[in-house]
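Here is what each chain is made of, one letter per residue.
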Amino acid sequence: MSEKRIGAEAVSEKGWLRAHQWLLARRLVQFGILGLFLLGPLAGIWIVKGNLNYSLTLSVLPLADPYVALQSLLAGHVPEKLGLIGVGIVLAGYLLFGGRVFCSWVCPVNVVTDTAAWLRRRLGIKGSAQLSRQTRYWVLAMTLVGSALSGVVLWELINPVSMLHRGLVFGLGAAWAIVLGIFLFDLFVTSRGWCGRLCPVGAFYSLLGRWSPLRVAAGKRSACNDCMDCFEVCPEPQVIRPALKGESKGVGPVILAPACTNCGRCIDVCSKDVFAYGLRFNNRVEMRVPPPMA
Amino acid sequence: METKNPSPKSNPARRQFLFDSAKMACGVGLLGLGLGLYAKQAKALPALALRPPGALPEADFLGACIRCGLCVRDCPYNTLELAKPEAPVATGTPYFTARQVPCEMCEDIPCIKACPTQALDHGLTDINLAKMGVAVLIDHETCLNFLGLRCDVCYRDCPVIDKAITLERVPNERTGRHAMFLPTVHSEFCTGCGKCEKSCVLEEAAIRILPAKLAKGALGSHYRVGWEEQKKAGGSLIDESKMLDLPDRLPEGAVLPGHYDPASGHTATARGLPGSEAGAIPSLPPGLGGKP
Numbered sequence: 001m002s003e004k005r006i007g008a009e010a011v012s013e014k015g016w017l018r019a020h021q022w023l024l025a026r027r028l029v030q031f032g033i034l035g036l037f038l039l040g041p042l043a044g045i046w047i048v049k050g051n052l053n054y055s056l057t058l059s060v061l062p063l064a065d066p067y068v069a070l071q072s073l074l075a076g077h078v079p080e081k082l083g084l085i086g087v088g089i090v091l092a093g094y095l096l097f098g099g100r101v102f103c104s105w106v107c108p109v110n111v112v113t114d115t116a117a118w119l120r121r122r123l124g125i126k127g128s129a130q131l132s133r134q135t136r137y138w139v140l141a142m143t144l145v146g147s148a149l150s151g152v153v154l155w156e157l158i159n160p161v162s163m164l165h166r167g168l169v170f171g172l173g174a175a176w177a178i179v180l181g182i183f184l185f186d187l188f189v190t191s192r193g194w195c196g197r198l199c200p201v202g203a204f205y206s207l208l209g210r211w212s213p214l215r216v217a218a219g220k221r222s223a224c225n226d227c228m229d230c231f232e233v234c235p236e237p238q239v240i241r242p243a244l245k246g247e248s249k250g251v252g253p254v255i256l257a258p259a260c261t262n263c264g265r266c267i268d269v270c271s272k273d274v275f276a277y278g279l280r281f282n283n284r285v286e287m288r289v290p291p292p293m294a
Numbered sequence: 001m002e003t004k005n006p007s008p009k010s011n012p013a014r015r016q017f018l019f020d021s022a023k024m025a026c027g028v029g030l031l032g033l034g035l036g037l038y039a040k041q042a043k044a045l046p047a048l049a050l051r052p053p054g055a056l057p058e059a060d061f062l063g064a065c066i067r068c069g070l071c072v073r074d075c076p077y078n079t080l081e082l083a084k085p086e087a088p089v090a091t092g093t094p095y096f097t098a099r100q101v102p103c104e105m106c107e108d109i110p111c112i113k114a115c116p117t118q119a120l121d122h123g124l125t126d127i128n129l130a131k132m133g134v135a136v137l138i139d140h141e142t143c144l145n146f147l148g149l150r151c152d153v154c155y156r157d158c159p160v161i162d163k164a165i166t167l168e169r170v171p172n173e174r175t176g177r178h179a180m181f182l183p184t185v186h187s188e189f190c191t192g193c194g195k196c197e198k199s200c201v202l203e204e205a206a207i208r209i210l211p212a213k214l215a216k217g218a219l220g221s222h223y224r225v226g227w228e229e230q231k232k233a234g235g236s237l238i239d240e241s242k243m244l245d246l247p248d249r250l251p252e253g254a255v256l257p258g259h260y261d262p263a264s265g266h267t268a269t270a271r272g273l274p275g276s277e278a279g280a281i282p283s284l285p286p287g288l289g290g291k292p
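Protein chains in written order, with our numbering: chain A, 1 to 294; chain B, 1 to 292.
In isolation and in its complexed conformation, chain B is listed as follows:
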């Protein structure tokens, strides 16, 4: 063959190669797009699926975990399981459901030791610093302690008792002469082990472990709490005599003498009462006016 192709563009082999490549790039690209979107979905871990202690944030975890299941094997309490394909958790990754089997917070943390990657942070050596989630007493309407009973089971079962969960005493206004002991979670100490959720005696747990992202609010970084600033400065930072008491609303039927609320109809007379403390220091409610 001596005749050369006049233009390489008409070379049939070249054309075929380009077409084949384009076909591959499109087909496989589509598969990749689907996988990528699926990967994005997979990063949304369901709220009640908890990762083992020391697990990286979900987006990093799915890049570091190689789905070997060694953590599952070395957990002495069979807490962990690997997600099956139909589970709403990325396939093959370890998780636990607190209501079924909570984390027993082993001191030697065997699950982390077994992990061949950094998916479980090997720098975590004190299980009390684990953050698998945060307990939230999510239903005040059914919690027995909120009904005025002394259930206390979540409090008693908490491995970090009196730090992660405390009982806060408040008057029981229903009976008028008892106290209620309200289980109160302190996120600073809560490891998210889930023993409280597991032990809750209700049909559906009133206390649950949620991801910190769902459970925690966050103050704006500019936010300063007045009373702490006042303590630091040794006195009020503003001229209190010029403070305005803006109208706010009390619950229906509640009466608070000295409370300024034009809509309630109580305010005008209360404010004008002779000898009322409220009249003297309008910015402070009666009884808290700094006077004995």
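Chain A on its own, in the form it takes in the complex:
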């Protein structure tokens, strides 16, 4: 196959390291967080106790998953004080940094689905079963209504995200089979199927980060040479177009779509350095080309 590798241009322009800097940073953070959780059970160094649903760091800092807490709340149960504080801290964090920062910088399933997407590209698997990207919001609504109706924290019965993380920290059991299922689903059935279409955890966090100030912006979009690498590598490619191609329509360069995970892969693979992290407020349309008069 002589097909062009995604990001090849960026690698030759910027060097391998700079063309992978945010990917490396992300993996470092993901495995770093997992490592902190594992330090207790593996080495007896208890910096963090618990798992992604709720954890206590250095016996003082509680962090709780607001989506799990919301389901529990709808089932009729209010957390204790530490639990509530934990929910508050996490809510504040993701309101600031973008909800789906959880997906790309923390969630362990992200490594699995990114690998599936990478392998899908390398193997040139083209077909993909149709599944709307809106499905996850329906699943999210179902789990919330279902929790209220059943009195059970419903999604936690089968949530592969917490199953994998809890499994890695507390003992995996059969969780590997479920994770393998997600990997194969993403690889052979639907491209970016789990994180991009089904997972209600990501859907919840995307709504949470609806107004977060930290965003990726196509600040130098005029330099875009239409190589399409960013669209190819992006787990949510639909979010790029308005920001990258919207200049003539008067759309600002900031990627405002809540589905964007702030993963920064578009920044990495762009040889022209079109993208960068920035604030949502810097969204003025540059008037380099005067808009056509009506």
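Any given hint could turn out to be false.
As the list claims (entries may be wrong) - Looking from chain B toward chain A, a few residues come up when the C-beta cut is under 8 Å (computed): (1) M24; (2) V28; (3) L31; (4) A39; (5) E58; (6) A64; (7) C68; (8) V89; (9) G92; (10) C115; (11) P116; (12) T117; (13) H122.
Worth flagging that the hints you see were computed from the coordinates, not collected in a lab. Yeah, the Cβ is synthetic: ideal placement off N, Cα and C, and Gly gets one too.
We have chain A; now place chain B onto it with these hints.
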């Protein structure tokens, strides 16, 4: 475009939206139905899986527990574990198996303190009031004390010894001249910690912790125990002379003089024996007739 759609129903975008929504509602609804039924199944905790002290009733527990595992971490005896996906316990929730590692009943109850929710009732501060289940001496055929031996291990190991488990002395009818000391559980004091089940010396424990729901009977709320009412009232509440002795059945071969059972063939003669106490007070068995 100046021409308006004659009817909004034929608007293709609207149709597409409705179809897409219907597709989503059906697909996700089906998933929800499956999850709901699974949730119902999940509420049926297996009998031998015990929740930590202070755990809410199972149906509430599954709504309050956020599966963080802090109770597991803070248990100094590694009693608790989080259910793996293949376990018959709701995934990620804490439980223990008494026969493997029982609850050591820590006085400060660290598992409850660690819980960030009310799944473990923070109002429970005295571990002796915990109700993780009730011990039941479930097999009288293999329990060594029931065989007339003095094993006593469950009794000795009970953290609430002489209250939750007592040894009740009864004659050993096999030897005819020994006593049997039968371990007897008093549910009022039993916390369900499981130390008795753990320590039972048999291959399979003869004493086990069961959920109270399985282990306990319940008297009807209208039920009054005659002898207590009699004590309260200072005398019998009924006219005992008019009491009827209805026929009942004795075990095969057993003979109880004065016992009224037409089928056994003993009754008629016994009843008519001159000087028999049974004749005088037909409602009471001999020896318990209130006479010295």
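Taking the hints in turn, this is what the structure says about them:
Below 8 Å, beta-carbon pairs count as interface contacts, and M24 of chain B has one with chain A at about 5 Å; its hint therefore holds. Interface hint status for V28 of chain B: upheld, as the beta-carbon distance to the closest one in chain A is roughly 4 Å, under 8 Å. For the restraint placing L31 of chain B at the interface with chain A, the shortest Cβ-Cβ distance is roughly 7 Å, inside the 8 Å limit, so the hint holds. Annotation: A39 of chain B was flagged as interfacial toward chain A, and the flag holds, the nearest CB pair being 4 Å apart, inside 8 Å.
Among the interface hints, the one on E58 of chain B is violated; its C-beta lies about 10 Å from the nearest C-beta in chain A, farther than the 8 Å criterion. Below 8 Å, beta-carbon pairs count as interface contacts, and A64 of chain B has one with chain A at about 4 Å; its hint therefore holds. At a threshold of 8 Å, the smallest CB-CB gap from C68 of chain B to chain A is about 4 Å, leaving the interface hint in force. The criterion of a C-beta within 8 Å of any C-beta in chain A is not met by V89 of chain B, whose closest approach is roughly 11 Å, and the hint is violated.
About 5 Å separates the beta-carbon of G92 of chain B from the nearest beta-carbon of chain A, less than 8 Å, and the hint is met. For the restraint placing C115 of chain B at the interface with chain A, the shortest Cβ-Cβ distance is roughly 7 Å, inside the 8 Å limit, so the hint holds. Taken as an interface hint, P116 of chain B checks out: its beta carbon lies about 3 Å from the nearest beta carbon of chain A, inside 8 Å. Restraint check, T117 of chain B versus chain A: the minimum CB separation of about 5 Å is within 8 Å; hint holds.
Interface hint at H122 of chain B: satisfied, since its Cβ lies 6 Å from the closest Cβ of chain A, which is below the 8 Å cut-off.
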